[in-house]
Amino acid sequence: MATIAAVIASTHHPFYYRASTSTGADRPPFADEWVAKIERFRETLTKAEPDVLVMVGSDHFHQLWLDNMPQFLIGKAPCYDGNFYNEEREFGLPRMFLRGHEELSAYLLRAGIDSGFDLAFSNELRIDHSITCPLITLRPQADLPIVPIYTNIFAPPLPQPWRFVELGKTIRRLVEAWPSDQRVAIIGTGHLSLELGGPRQFGPHGPDPEFDRKAVEWISSADLDGALAEVSLDSLWLPGNATHGFMDFMLMMGVAGASVQADYVDSLDLFHTMEAYFTWYPKGKSR
Amino acid sequence: MSKYLLDKFLYTIDRDPELVERYRSDPRGTVSWWEAERANIVLNIPEMERSTWLTFTDAEREALATHDYVRLFELGCHNFLLLTLFIALFERDYDEPLAFQREFGARLSHWSVPYPDIST
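Heads up: the sequence lines are chains C and W, in that order.
One point on numbering: in the numbering used here, the residue at position 237 of the first sequence is 237, and numbering is uninterrupted.
One point on numbering: in the numbering used here, the residue at position 26 of the second sequence is 26, and numbering is uninterrupted.
For reference, chain W alone in the conformation it holds in the complex:
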């Protein structure tokens, strides 16, 4: 389990408008590129001082590559990061205000507390 890295992916995509569009249009390619080029960059220090050990599990990589937010919730992604990025990705495809947010909730309706642990 690499919940921290899942959260880092959501966080770094969400804060960059170009990456939001790239992840929307090419999720698998964006995940592959990000894991190879960005996953090990420590955000507050120079890129050459990158980490050496951060990788996704196969299940995590596949959930990101398929925009599977139900599975990402179940893998313990931080709920706020997950919701915020997926609103940016898909809210525009719905006519009614908050329709995507309500569908997001409905697709998780088989869950009750306790939810998956988001601790990193």
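Next comes chain C alone, as it looks inside the complex:
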């Protein structure tokens, strides 16, 4: 059976690439600390020695549109191009190219549907910064095949938070049962409190530091009971109008397993948003 080499949950800040590559007067004052934290976080994936990456993210109205909007979708393609014109324009993100892992995609689709998730699929998926940003931070050489999984945290009506948790638990169970000798890292990115296109955007901190503090606690201890008791589709509007991306963290808590303490926890209080980084090693820290 396959081995889950690491479970990683992270924010995906589209400004990291530009901040980390800028020099001189263009380099923001927080860039050096941010890069140092990312390099330590990257090491947690490197030492897990993965063969394939399952990448959980959310399309930001790039390929998926309101005329035909899936709730949960798995890419099944031999290759994936990455990033879009408007991400180059706003964030300076580079075009990227990733190999896919069709065998694992096909397995997760079949077994996921048979487990009660009527998953959508795509044979030609262009991935956006929710998946390319964690590649830039965690695996910048982009040399491993990926299985992209998209969730709808963006276009109401959304699935309920518990459904994200259940999908995470299902992904964990299915990958562990995959008849393969491959080492799989499952990486998912979301948001803590976040405001986009509203009155609380781009402040000196995230829009709700108290939510962020609680969220880091919930995630680092995979406190699913605590998170599910306080988080609902209605409540997630309160910390910021883009905070439904926290449900991708809840999915990853489901992957990590209820009440399993993360082996690595870090965060960085930036303007506009709190960055947060978590790694679990289900099989211990070394091979």
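Since the hints were derived computationally from the structure, they do not count as laboratory data.
Glycine residues also receive a C-beta, built at the ideal position from the N, C-alpha and C atoms.
Keep in mind that the hints are not guaranteed to be accurate.
So the derived label-pair ranges between C-beta atoms look like this [stated by the list, open to error]:
(1) W:Glu37 x C:Glu88: 22 to 30 Å
(2) C:Asp234 x W:Thr52: 33 to 41 Å
(3) W:Thr66 x C:Gln63: 24 to 32 Å
(4) W:Thr66 x C:Lys37: 37 to 45 Å
(5) C:Glu88 x W:Thr66: 25 to 33 Å
(6) C:Thr23 x W:Pro114: 38 to 46 Å
(7) C:Pro179 x W:Thr52: 50 to 58 Å
(8) C:Gly257 x W:Asp117: 35 to 43 Å
(9) C:Phe30 x W:Pro27: 32 to 40 Å
(10) C:Ser115 x W:Ser25: 49 to 57 Å
(11) C:Gln63 x W:Gly29: 40 to 48 Å
(12) C:Asp26 x W:Gly29: 32 to 40 Å
Computed list of chain C residues with no C-beta within reach of chain W, every gap over 10 Å [as the list claims (entries may be wrong)]:
(13) Leu144
(14) Ala155
(15) Gln160
(16) Glu176
(17) Trp178
(18) Tyr264
(19) Ser267
(20) Pro282
Start from chain C and add chain W according to the hints.
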């Protein structure tokens, strides 16, 4: 209310660099052209199979034609689409990084949750 069509306008303009410039320099003309020629095209099927029923209300058309992002927020446009396109339109006119984004937020400061419903 045709929130879906407002979002479709923002989405289809935002993904096309030529249309971003056209909407910046001639908002009223671009909105008129788009509503006549593009509003009813279903994005994933041939143009000849277009829809027959999508139009803006007068208030929606006027908000788009005047780049009035406060009014568009109040009409229930998707917050991400609205912010992304308006950054592309106007960020360049400000000297300080994020100055436009902060002005955008300040001009909405009379709002607190619940915000206008973005459901389509």
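Which of the stated hints cannot be reconciled with the structure, identified by number in ascending sequence? 11, 14
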